[in-house]
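**Q** Just so we're aligned, residue 1 is where the sequence shown starts under full-length UniProt numbering, counting upward by one.
These are computed hints drawn from the structure, not numbers from a lab. Any given hint could turn out to be false.
Between beta-carbon pairs, the in silico distance windows are [said to hold, decoys possible]:
#1 G147 x Q8: 35 to 41 angstroms
#2 Q18 x S162: 25 to 31 angstroms
#3 A80 x S131: 16 to 22 angstroms
#4 S160 x F44: 27 to 33 angstroms
#5 P76 x T33: 15 to 21 angstroms
#6 Q55 x G20: 21 to 27 angstroms
#7 H84 x R170: 15 to 21 angstroms
#8 G147 x S5: 36 to 42 angstroms
#9 A163 x F79: 16 to 22 angstroms
In silico SDA-like pairs for lysine to any residue, Cα to Cα no more than 20 angstroms straight-line [to be verified]:
#10 K156 x I59
#11 K156 x S133
#12 K165 x A181
#13 K156 x R41
#14 K165 x Q135
#15 K156 x S91
#16 K156 x H48
#17 K174 x Q135
#18 K174 x P134
Note that the structure is predicted; figures quoted are calculated from it, not measured. Ideal placement from N, C-alpha and C gives every residue a C-beta, glycine not left out.
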Amino acid sequence: MTRGSDEQRWSRLMVSAQAGNESDYRLLLTELTAVIYNFLRSRFGDQHFIEDCVQESLIAIHQARHTYDPQRNFRPWLFAIVRHKAIDTLSNQNRRKKVVDNYHDELHVLSQAGRQSEAESELSQGDILVSLSPQHREALILTKFIGYSIAEASEKLCISESAVKVRIHRAIHKLQLLLEADEQ
1 MTRGSDEQRW SRLMVSAQAG NESDYRLLLT ELTAVIYNFL RSRFGDQHFI
51 EDCVQESLIA IHQARHTYDP QRNFRPWLFA IVRHKAIDTL SNQNRRKKVV
101 DNYHDELHVL SQAGRQSEAE SELSQGDILV SLSPQHREAL ILTKFIGYSI
151 AEASEKLCIS ESAVKVRIHR AIHKLQLLLE ADEQ
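Input sequences plus hints: build the corresponding full structure.
**A** Set out below in structure tokens:
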């Protein structure tokens with residue numbers, strides 16, 4: 001099948017599923033499972049979190065299926081969900097493992113002794129990251145938690161390198177403001 005015919009088929013299956021056809025819905029989810037897995041594997045390699053992310057994506061698709069508009073393309077709707085679930089899964093994985101490696105350079109503005117340890121604690125728990133917009137959180141996680149270069153993050157996000165830098169800067173600025181507000 002070609003990309004266009006896949007998209008048309010998935011759109012038809014989703015419309016049928018929205019109308020209550022369970023067998024079409026089951027078929028759609030079966031086909032999308034492989035597509036989502038391959039999409040994630042092409043971006044993140046062979047990592048163990050991909051299985052979790054596929055499952056989370058399928059759950060999110062199920063919960064959001066009523067939002068699909070058949071007048072619009074299916075792929076952007078699908079991959080927006082998958083991309084956000086990948087970010088959430090990475091964020092949760094990093095929070096559980098407390099993987100925080102390369103953010104110290106960007107947090108030099110928080111270098112006062114007491115404030116830095118509070119910032120490190122909050123960031124390592126990941127709780128504060130949910131306050132960022134998905135775009136800012138995504139850029140920050142890819143570069144500062146996973147360790148992608150600006151160029152790699154740019155390629156993964158399909159945006160320019162300068163846009164990645166701007167998102168990271170804005171994310172860090174917002175984190176700084178949130179941490180300062182917590183101190184008061």
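**Q** A separate judgement is required for each hint: does it hold in the structure or not?
**A** Here is what the structure says about each hint:
1. G147 x Q8: 35 to 41 angstroms: Distance hint for G147, Q8 holds at roughly 39 angstroms.
2. Q18 x S162: 25 to 31 angstroms: Violated, since Q18 and S162 (Cβ atoms, about 40 angstroms apart) do not stay within the stated range.
3. A80 x S131: 16 to 22 angstroms: 20 angstroms, holds
4. S160 x F44: 27 to 33 angstroms: Check failed, 21 angstroms falls outside 27 to 33 angstroms.
5. P76 x T33: 15 to 21 angstroms: Given a distance of about 19 angstroms, which is inside 15 to 21 angstroms, the answer is holds.
6. Q55 x G20: 21 to 27 angstroms: Holds, since Q55 and G20 (Cβ atoms, about 24 angstroms apart) stay within the stated range.
7. H84 x R170: 15 to 21 angstroms: For H84 and R170 the Cβ distance comes to about 18 angstroms; the hint holds.
8. G147 x S5: 36 to 42 angstroms: Given range 36 to 42 angstroms: holds, Cβ gap about 38 angstroms.
9. A163 x F79: 16 to 22 angstroms: 18 angstroms, holds
10. K156 x I59: 23 angstroms, violated
11. K156 x S133: Measuring from Cα to Cα gives roughly 17 angstroms; hence the hint holds.
12. K165 x A181: 24 angstroms, violated
13. K156 x R41: With a Cα-Cα distance of about 12 angstroms, the restraint between K156 and R41 holds, given a limit of 20 angstroms.
14. K165 x Q135: Given pair K165, Q135 holds - Cα atoms ~12 angstroms apart, limit 20 angstroms.
15. K156 x S91: Within the cut-off at roughly 16 angstroms; holds.
16. K156 x H48: 19 angstroms, holds
17. K174 x Q135: 13 angstroms, holds
18. K174 x P134: 13 angstroms, holds
In this structure, the hints that do not hold are numbers 2, 4, 10, 12, in rising order.
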